[in-house]
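**Student:** The lines below spell out each chain.
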Amino acid sequence: MDLLIILASGVATGTVLLYATVGEAFAERSGIMNLGVEGMMLIGAMSAYKVTAATQNPWLGLLVAMFAAGAISQVHAFIAITLQADQVISGLALNFLATGISLVLGEGLTSLRDVVPQLPNFTVPVLSQIPILGKVFFDNHSIMVYIGFIFVPLAWYYINRTRPGMHLRAVGEYPAAADTLGIRVYVLRYYYVFVGGILAGLAGATISLSISPGWFGALTTAGQGWIAVGLVIFAQWDPFRAAFGAYTFGALRRLVLDIQGPSTLLGLANPFFYNPHYAFFLKMLPFAFTVVVLVIGSREANRKRIGTPAALGLPYIRGQRGL
Amino acid sequence: MTESEMKKPALGWRLPFSIRIEPRIDNPPKWFSPMLSVIAVVFALLIGALVIWLGGGDPWAAYSHIARYSFGSVGVLSDTMVKAIPLMLVGLACSIAFRMKLWNIGAEGQFFLGVFGASLVVLLPVLPEDAPQWLFIITMIISGMLFGALWGFIPGFLKARYNVNEIISTLMMNYIAIEWNNYFIYAVWSEGGFQMSRMFQRNAWLPRLSDLGTTMPFFRGLTTHMGLLFALIAAVVLWWILAKSQWGYEIRLIGDNPRAAEYAGISIKKNIIFVMLLSGALAGLAGMSEITGVVHRLQGAISPGYGFTGIIIAWLAKLNPLAVILASILFGALILAGREVQPSGIPTLIQGVIMVALIASDYFLRNRVTIVRRVEE
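Sequences listed follow chains E and Y, in order.
Counting along the first sequence from 1, when you hit position 277 you're at 277 in the working numbering, and nothing is skipped either side.
In the working numbering, each number is its position in the second sequence, counted from 1, plus 1000.
Just chain E, with the same shape it has in the complex (with noise of 0.2 Å):
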């Protein structure tokens, strides 16, 4: 159990649960809760799959991911902007619709295995000599861990010291003001549901091109994208917040897979080498600290007052009175 290996692949784990976090992250600030994000991970990594599996080029795979989970996330927006239906229930009905369409789809997709392309792993020449970091941050990763150390500080710019960031968040905080100023209401909450999808796509493609390879039906996502909501609150809709959550995660998933190895921990007897059955309450963890991290997040969040989006779950309807 090297701490090294552990960080590292935290760092490779977390990056699928960091692209969920921020999506959902732009969707919310623009007022919308889309609760199916597990639903559209599915989605994003089933068809990775299946494309990647019938032209063997995972790039097409990774760009249909991305279309096709933001395809499926204008029947949220759909629902939750021009409906005006109750946001809770809208994405949870996307949840079990893109689930249903992913397995549909996926069928016999996990016989597959090994003739599928994945996306190139490589290590970056001088940074992955800076001791320590350089092992855990830029030592033989896929791509698209690469693509999130940029993406993070490029979204965290784009929502706060750009114009459209701006109004992003004016949309999310106060829709009707927004609306007076010209800036459109709906569309823009079309648009970043729509964001959201991609990048929960995204977070999919990850998973079945590059990090765990292949698609084991609802099992490839086993939850993340609702820790990924659930890491939203603790990030308090902040890019570098969400990727500190994410890498976390990713590190914990790894420690829970490692910790049963080594006979000895700390100089005693590894409860979990002795007995693999104890291997039950280490699985729990990711999901026990979720609920950990949810009452860490909400207790900040009610002593500062800040982060939530004012309009956040709320439709707009023109003229209305209120949000």
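If you're looking for bench data, these hints aren't it; they were derived computationally from the structure.
Take these hints with a grain of salt, some might be off.
Only pairs whose alpha carbons sit at most 25 Å apart, straight line, appear in this in silico DMTMM-like list of lysine to aspartate or glutamate [as the list claims (entries may be wrong)]: (1) Y:K1101 with Y:D1026; (2) E:K283 with Y:E1179; (3) Y:K1318 with Y:D1026; (4) Y:K1101 with Y:E1262; (5) Y:K1269 with Y:D1256; (6) E:K283 with E:D258; (7) Y:K1101 with E:D86; (8) Y:K1318 with Y:D1130; (9) Y:K1244 with Y:E1262; (10) Y:K1269 with E:D86; (11) E:K135 with E:D258; (12) E:K283 with Y:E1262; (13) Y:K1030 with E:D86; (14) Y:K1101 with E:E300; (15) Y:K1270 with E:E300; (16) Y:K1244 with Y:D1256; (17) Y:K1318 with E:D86; (18) Y:K1269 with E:E300; (19) Y:K1101 with E:E173; (20) Y:K1101 with Y:E1340; (21) Y:K1244 with Y:D1079.
Start from chain E and add chain Y according to the hints.
**Tutor:** Just chain Y now, with coordinates in the frame of chain E:
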């Protein structure tokens, strides 16, 4: 060119009618909402047919198969009811929580804890092996509901105390519950290294209709068990609570307008915890009735996602406990006979489409949509 022709929009061609949408002020007629639900279900089945057809299957054969193997004879109808029992109970669990806009999507985990609680009575054992059947049933009901309620209490408490989003916490509790049960299935109560416990002894089974077969031949071989009685009683009690009792009024008021409820002096936090307890207990009862009425041993893969189907059932029933009974039977049929339909994701897909269609159709409840003939100017 005359002047009137000049005024026409550049489009050149206009629809002969226009669609006018306005928010409803009055309540729609009573038959309107159920009719919309039926239309939504039919629409979803059509979409499902389209998908089966696109996948190279025969939709008519698939649907007639589902109908024949779920309602075709008394025997299969009885099996459909067996599937409907846990669905009714989790549907009720979701309904009561959703009525308060409390999004308990952890019925699946609460179901598993109910399974655990009931198994505990036999496998720990809490009761001696030869205890009378009625004592077993009562103890298992209490234990199953208690553990389910505990699983509901945790997210309820976190919501009331720390304002933790219950959607995520209940969902996380699902995954934890599955691992919790797995530990006991694999490590503690495993029989001969297999991933299941020993078979429960007969006096820890819920009575089935076929038990009456010796005296009344008509019931021979029918698997419907006593859980149906629990589910029906629960539905009536819940209907009474929601429609007639003061507590039900508080729940409905909080769901419709939490601010008004607060002004009226209703404690929202207390109600969150109580509703989560009741919701968890109902889902736990579903688990109890499934393990003691059908499976008769603790093992994995007991639920094909009953807890999640319960969400859709609650919505299809418009959160009305009595309508949950009917909706559950429909979904029981879909789950029972849908197992053999290929590709295997079809039942999930149809459930998803039903849910999307239902939610979209609510738009017509909130708005009046009229088609008006365009009058030539």
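**Student:** Each hint should be assessed against the structure and marked as holding or not.
**Tutor:** Hint-by-hint comparison with the structure:
1. Of the pairs offered as hints, the one joining Y:K1101 and Y:D1026 holds, with about 23 Å between alpha carbons and a cut-off of 25 Å not exceeded.
2. At roughly 7 Å between alpha-carbon atoms, E:K283 and Y:E1179 fall within 25 Å of each other, so this suggested pair holds.
3. Note on Y:K1318 and Y:D1026: the hinted pairing holds, with a Cα-Cα distance of about 19 Å set against a maximum of 25 Å.
4. Distance check on the hinted pair: Y:K1101 and Y:E1262 sit about 15 Å apart at the alpha-carbon level, within 25 Å; holds.
5. For the proposed pair Y:K1269 and Y:D1256, the alpha carbon gap of about 16 Å is at most 25 Å, so the pair holds.
6. Simply put, E:K283 and E:D258 have alpha-carbon atoms about 12 Å apart, close enough for the 25 Å limit, and the pair holds.
7. For the proposed pair Y:K1101 and E:D86, the alpha carbon gap of about 10 Å is at most 25 Å, so the pair holds.
8. Distance check on the hinted pair: Y:K1318 and Y:D1130 sit about 44 Å apart at the alpha-carbon level, beyond 25 Å; violated.
9. With a C-alpha separation of about 21 Å, the suggested pairing of Y:K1244 with Y:E1262 holds against the 25 Å cut-off.
10. Restraint check: the Cα-Cα separation between Y:K1269 and E:D86 comes to about 22 Å, which is no more than 25 Å; the hinted pair holds.
11. Annotation: proposed proximity of E:K135 to E:D258 holds, straight-line Cα distance about 18 Å (limit 25 Å).
12. With a C-alpha separation of about 40 Å, the suggested pairing of E:K283 with Y:E1262 is violated against the 25 Å cut-off.
13. Pair hint Y:K1030 plus E:D86 holds up; C-alpha atoms about 22 Å apart against a cutoff of 25 Å.
14. For the given pair, Y:K1101 sits about 24 Å from E:E300 by alpha-carbon distance, which is consistent with the 25 Å threshold.
15. Only pairs whose Cα atoms come within 25 Å are accepted, and Y:K1270 paired with E:E300 is accepted, the gap being roughly 23 Å.
16. Note on Y:K1244 and Y:D1256: the hinted pairing holds, with a Cα-Cα distance of about 17 Å set against a maximum of 25 Å.
17. A hinted pair counts as satisfied when its Cα atoms are at most 25 Å apart, and Y:K1318 with E:D86 qualifies at roughly 14 Å.
18. Among the hinted pairs, Y:K1269 with E:E300 is consistent with the structure: their alpha-carbon atoms are about 19 Å apart, no more than 25 Å.
19. The suggested pairing of Y:K1101 with E:E173 holds, with an alpha-carbon distance near 22 Å, which does not exceed 25 Å.
20. Of the pairs offered as hints, the one joining Y:K1101 and Y:E1340 is violated, with about 36 Å between alpha carbons and a cut-off of 25 Å exceeded.
21. Taking the CA atoms of Y:K1244 and Y:D1079, the gap is near 33 Å; set against the 25 Å cutoff, the hint is violated.
The structure fails to meet hints 8, 12, 20 and 21 from the earlier list, while all remaining hints are met.
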